[in-house]
Amino acid sequence: MKNHNRISLYLTFLLFSITACNNIVPSDERMAHLANSKKDLYIGVVDAIPNATQFVNGIKMAIDEINISGGVAGKKIIPLIYYDDNDKSTSLKIASKLSNNPDVIAVVGHFDPAHAMAASILYKESGILFISTGADLLRYGGSFIFNNGMPDTVYVDKISAFMKEEHYSHVVILNDRHQSNKLLAENFYQQAIEKNLDIVFHKSFSPGEKNFRDLLSELKNETFDIIFLVCRDKTASLIINQMREMDIRTSVVGTNDIDTRYFWSQTGKNAEKTIIPTNFYKKNPRKLTQDFVNSFSVAFGVDPDEFSARGYDAINLLKHVMDKKNAYLPMILDTGMRFMGTWDGVLSQYHLTRKGNISPTALFYKKYDNGKIVYLKQKSKKKKDQFELVEEITLRLAVNDFSTFDPGFSSDPASIDACKQLFLSLTQYNDLTCTPEPNLALSWHANEHLNSFRFRLRKNAYWTDGQPVTAHDIEWAIQRNLKASPTAPQVHHLFVLKNAKAFYQGFIKDPDQLGIHVIDDYTLDFQLEYPAAHFPALVGLPIYCPLPSKTIKKWGKEWTRPEHIQSNGPYQLVYYQQDALVIMRKNPQYFDAANVSIEEVRYNVIPNNLIVLSIYEIHQLDIIGGAFSTIPLHLLTTVKKQPETRFHYKKSLNLSTTAFAFNIERSPLDNILMRKAIASAIDLNFITQFVAFGNKIAMDSFTPPELLLPEIQAHRQAFNPIHAKKMMVEAGYEDGQKCPEIIIESGSGNLHKNIAQAVSMLLKKYLNITANVIDETPSKNSSGHLLLKDYSASYPDADSFLYNWFTQNSHYSHFNNENVLALLEKARQEKNQTIRHKLYCQVDDIIINKECIVVPLYYDTSHYLVQPRVQGWNHMPFGGQWINRWQLEEK
Amino acid sequence: MKKYHYISAWLISIIIFIGLILYFLLWNENKNVYIAVASTFSGKYKEYGTEMQKGIQLYVDQTNAKGGVNGLPIKLLLFDDQGTKAGALQAAKSIVKNKKIRFVLGHYLSSTATKAASVYEKGMIPSITSSATLDDLTTNNDWLFRIIPPNSYQVEFITSYAKSALNIKTACVIYDTDFYGKNLLKTFTEKASSLCIEILHTFSINSKDPDITDKQITQIIKTIGQLQGIDMIFLATHAKTSANIIVQLRKNKCHHILMGADSMASKFFIDALNNYIKTYSFSNLYSNDIYSITWFHPSLSGKSNVDFEKAYINQYHVKPSLISTTAYDSAHVGITALKSIGRPGKFSRTVRKNVKYALEQYYDKEHSIQGLTGKIFFDAAGDMKKSMIVIKLLNGRFEPAFSQYITIPYKGTTENFIQKGIDGTIIASGDEYFSKTNLIVVAVDNIHISQIQKKNQTFHARFDISFRFKGNFHAENIQFTTAKHPILLTMPNNKIQNQDNSQTYSYTVNGLFKHDFNHKKFPFDTQTLSIGLKDIRQNTDKLLFSNDNERKTHFTLDSEKYLPLSMCSYVEKKETRSKTGENIIFSQFHLDLHIKTKLSGKTIIFLLPLCIFLFLVYIGYFFPLKQMHVSMIVNVCLLIVNALCHLSLNYQYHYINFFEYLYIIMYGLIGVTVCYQAILIRIHSIQCPKTLLIIRTTGIFFFPVMTLSVLYFFYYLMCR
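Chains as they are written, first to last, in our numbering: chain A, 1234 to 2124; chain B, 436 to 1155.
Worth double-checking, as some hints may not be accurate.
Stated by the list, open to error - Here are the computed lysine-lysine pairs in the DSSO-like style, where the Cα-Cα straight-line distance is at most 30 Å:
id : chain 1 : residue 1 : chain 2 : residue 2
1  : B       : Lys810    : A       : Lys1883
2  : B       : Lys774    : A       : Lys1929
3  : A       : Lys1605   : B       : Lys688
4  : A       : Lys1874   : B       : Lys800
5  : B       : Lys557    : A       : Lys1874
6  : B       : Lys774    : B       : Lys489
7  : B       : Lys617    : A       : Lys1997
8  : B       : Lys855    : B       : Lys788
9  : B       : Lys1009   : B       : Lys745
10 : A       : Lys1997   : B       : Lys846
11 : A       : Lys1986   : B       : Lys871
12 : A       : Lys1883   : B       : Lys557
13 : B       : Lys557    : A       : Lys1884
14 : A       : Lys1600   : A       : Lys1467
15 : A       : Lys1600   : A       : Lys1309
16 : B       : Lys621    : A       : Lys1874
17 : A       : Lys1873   : B       : Lys871
Rather than coming from a laboratory, the hints here were simulated on the basis of the structure.
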């Protein structure tokens, strides 16, 4: 009975094989059928084991995308998916089934080289285009057959070159005796010898072998750096496990055949130091690759693997040829593909040969290192297309407008920021303390009187054309900025230099009389008009930046165009379209280029902040707010609440204070008691909660707190209406009604008007004083009692905030005090920072508490939204962000 | 051979049957949605845990009755933290391990919640607490959500209240030396300083040692007696200590305003207070106001709370507490979030992550869940911050104070807005603004309903209504929303000046009210007669009604057709659009009177023809076979009579759905009977006596069974 069964089974199989072999639709019949067929296009997909790889998912995704976008030639593509379970007869059965179907135009798959070989004969006979994903079939050649993969020779050439580069000089080759693997190993041997690698050991074993301990014990006697392992995933996993068991910890290079779920799960931690060459690198900074990775993860909830990318590419290549040739007959596609040359897929660029090789050009190496897979040598981030946006390496910003890239002329926040990226300044500001730090200047020394400074420049700073940046460039730049026409907006910052003002006004013609002297290429002396302890902070301003004299002389105003500009900062300008886009790329000539992480910065010029916010919300901008496009104020509350953005929200102080100044020439404010009474009646808490929300109450000082050391900041009298009333009585006004009407000049801004209004109401409530708000902007001729203004620093030093404020009477309070002037002058002549800050605090104390000239209300705040992927972000209160110190977190 | 087949057939059927049972059992097991409740179910705080569980269980039962979460029933898994940190850690670990659990509700105590929170964060499971108020609990923990405001927020709120509503200028603080007390002290001091409230003195108390506590209290009272110009004493102490201090202070004639945080709002404070009052045989507590703060008060709650209370009493035979109400809300929030993610996936981690994501989507008033305690949403830390209810101790229980601050939308800075801020009618806390509103307590009694007219859709009501308020009250602005003709409240029957400086105006309302009668379920219907009133001139940021729900209300009904069932009153916020297009929210007081249709003679007359038809049809089943055709003719006639009756009744009483159904059933029954009789006649003609007997007997039994089950089914549908 049993025998009978066996025989009948055998006969059936035989019969099936015969019929299978004969029962195919021949090539010409297929072409004729397809030409007249109105059916959809069928593509066979043959995978090995369900879910072992993402191959089928990759194909499904490609087909779905094609069908959604309208299919090919008005027809849908329908995949016929089969699994051969790595079994030859199943594989053949599938091949014959597909060959027998007259609607099939192409087949993709058949991973096992031997199976692929057998199947290819059937497909060739029946005129089906066959794209093999595994086997190097082309040794036998022939029409309709394509090999989607690197040819063995190129593959081993790249691997051996990699070993050479990584200094693995002593190599062991282990391969099974499977025909294709044997050939691969032999090819590798030849390439390795050519590259002077030392093959210390070369052994082969039968494909079914399970115990490799003998073989491995032989290996123990050898000294080697790496093992090249050519076999299937199951065997590879066995060998590596047994190898680690025997304490052989050397690196292993496998082939992409073993890059399967089975291998990784079975080998586990033992896979440490296993390197697998792969054509697919999911972080490859190409738009095509990234789009594929993103869509795949969304569609299937897992990351794509090499197989999925291959499958996806195979289908898209077919579609590309079909579109190009406007046909879908296998015969036409066959020739079309052979003469295509190159094509861009998600793996990389493909090279298509006439022999039928569809070969991806890039090979990456992934290594299991310290418990996770890392990619080696993946840094080929050079982009072919200059304008292609690769999210992973690009910081995307938005600004409302750009005025210039010329540091001598930059005055708006966006331009200052761009100049900071492009040009080196002598000093730069510490992001926390705002104190000057070395940048182009490595060090500086002042003379005893603080009116002469010597700066030593770094020798490793270069212009983008390779020329060194020297002291002459700075001298030239300052002279040019002084003479510039139209006048440089920030030119007054240069007047600290001896004779600079006279030179600027034309009284002095000889530039040698200027207080700037080049000692040698890298040493520079400045002589000043007066002692200035703050000078190192001042030279951090863009107007002191060196400029490329030759370029400016040659191109004139056109010198900042991307094709002309020479710069020396962390980034260089590569593209500028007015009112649209600025692209900057990392400057390889920058002295600290190795530590610049972000490869590219894009400033999108978008004038409408609402649009900016909506673009940010779809994650197409990285930072908004601050020096960049600001967040619309009325949406701030929503932004702070919305779960999508609330964790992105950051706020930081600017170097700016909003304050009232008392006009002490007007009665009753000539009486200090009245000034104090009014100051005590202004509820700062109320103002920041009801009017100027989001800003920080100016509790401690008039000078922004960042410019003073925290421990020595002065303290002021807090809001106290009872105390205020007492002082008013002392001043002789028992009831506010007797007090003359107080005029508050608020300026024209809505915020200021509201603040003034609130203060007038507070005065009415607590002191019964009638106050009248007028929207005049405070000026020298102001007749108001209380003058509301924003005061800000033009360079990050308390001197900038207080000196001009006081000496030029920009508060218009008519306050004059010799003591204050003496303190400010003394501070300019003081080297010790702590003592300087103490002096400024004393000034603060006089003007807030003792003389009560100003009532600081709040410090201005910048609001930001920063995508979490931007690491190391920080706010610079004084323009010019540290983009070169930030990083973009990889997904 | 036959026997063999027979046995194997039996065996196969049994196996299939057992298999099916097993399959359904296991299948059902996997098809539940599991939620963990972690609280204190044993030890000292057992009572709290049980209260919490009751609230949650009620919500789960209600959800399951409505089909559960996407068709799957919810099951609660209880985890006891024993009120200890170790217990909490243990419970949290087992919860995280159990992959079936979607999220956690709990823990009760701040200490246990803190301990468990880090485990939940690590294990990536969302948890919602409805009672732990410790400040830093939710900080830096994305997985923890809290549906009540934290301590510091509450203290800030009540401090602002003290300044703006009570005009407090100076204060003393008595604080517990533990973490809770110190934390409250810190927040109070900071807020007081920014509001310019001078703190004259702070006193510390060690509540852990009762002997020291008493001595300390005596000392404190002595010092306070010597201090001049204290406007208020703030108690940063636990419930029991606060009760002790209050009784002692009042006993020693310290009649300052007293204020405390949420610990004082709890039931345990009231219990302790009553204990101390008994111990010291002292009762004159209310010489001046004693304030606390809470996030929920039944007097200010709406219809949903009335329904909740009813369901709660039905299930547990006690009134719900603040704990169970808030716990019910926590279950509501969690389950709604779970529902919103659609069919939960297979992987617990993804589901938990999605629940967390769904919870984060409730982030402001427009994106919130309407719970019993108000709109629930979370800020970035996972905290719920909203306007609080300031409550005042009166006659041994807390009642909402006459001034409240309720949240208002920010509409831009205007002169009016700034002025209100300066006057204290608007206060700010964080990014939120709150407007001062006057509370008016409404009480209704002696309700008499008569003249219920279905045709006119009206009823007549007479009842006494009283308004208790402080300050101004304009009765002429009161509009009865359901009145047929405007009812004006002009002269009050009675004006009473109460001890706490509030006044009570009483009126008698006598008028006709509209009601949309719904008879679809007649004669099994109940009607809810609704009387609503609002102040047409003042919206919620000026006037808020409160419902005096403590007194027993008399309710009588004068009607032949209806029986009185029950009554309830509640307040709700109604949003209307003004002429200028603005949304205005009015506070509205509601009185709902439930009545039930009496089974009257008329109802029987309606049903009588149907009963006769049914009887006649059934007689047909017993007709001898030879005369069966006579019965068939009778039945066909009945069908016509039934149609006539149906049409004539339908013309008059088209709104009564139940009769409609009964007539349709009747058509069906007669139709089935006629077919049945035709079959019988046919079988009789082919002379098959055995089959005939079986069919006849089956028919006689089957007809009443079928009739009853169809009737029951429709009854069930109507009364569901």
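Cross-check of the supplied hints:
For the hint linking B/Lys810 to A/Lys1883, the alpha-carbon distance of about 28 Å falls within 30 Å, and the restraint holds. The straight-line distance between the Cα atoms of B/Lys774 and A/Lys1929 is roughly 42 Å, outside the 30 Å bound, and the hint therefore fails. For a cut-off of 30 Å, the pair hint linking A/Lys1605 to B/Lys688 is broken: about 74 Å separates their Cα positions. Taken as a hint, the A/Lys1874 and B/Lys800 pair is honoured in the structure, with Cα atoms around 11 Å apart against an allowance of 30 Å.
Using a Cα cut-off of 30 Å, the hinted pair B/Lys557 and A/Lys1874 holds, with the two alpha carbons roughly 25 Å apart. Note on B/Lys774 and B/Lys489: the hinted pairing holds, with a Cα-Cα distance of about 21 Å set against a maximum of 30 Å. About 38 Å separates the Cα atoms of B/Lys617 and A/Lys1997, which puts this hinted pair outside 30 Å; it is violated. For the proposed pair B/Lys855 and B/Lys788, the alpha carbon gap of about 44 Å is over 30 Å, so the pair is violated.
Restraint check for B/Lys1009 and B/Lys745: the C-alpha separation of about 23 Å stays at or below 30 Å, so the hint holds. Proposed proximity of A/Lys1997 and B/Lys846 is supported: the alpha carbons are some 25 Å apart, at most 30 Å. Taken as a hint, the A/Lys1986 and B/Lys871 pair is honoured in the structure, with Cα atoms around 26 Å apart against an allowance of 30 Å. The hinted pair formed by A/Lys1883 and B/Lys557 meets the criterion: a straight-line CA distance of about 26 Å does not exceed 30 Å.
Of the supplied pair hints, the one linking B/Lys557 and A/Lys1884 holds, its CA atoms being roughly 29 Å apart against a limit of 30 Å. Note on A/Lys1600 and A/Lys1467: the hinted pairing holds, with a Cα-Cα distance of about 19 Å set against a maximum of 30 Å. Between A/Lys1600 and A/Lys1309 the CA atoms are separated by roughly 40 Å; this puts the pair beyond 30 Å, and the hint is violated. Note on B/Lys621 and A/Lys1874: the hinted pairing holds, with a Cα-Cα distance of about 27 Å set against a maximum of 30 Å.
Annotation: proposed proximity of A/Lys1873 to B/Lys871 holds, straight-line Cα distance about 26 Å (limit 30 Å).
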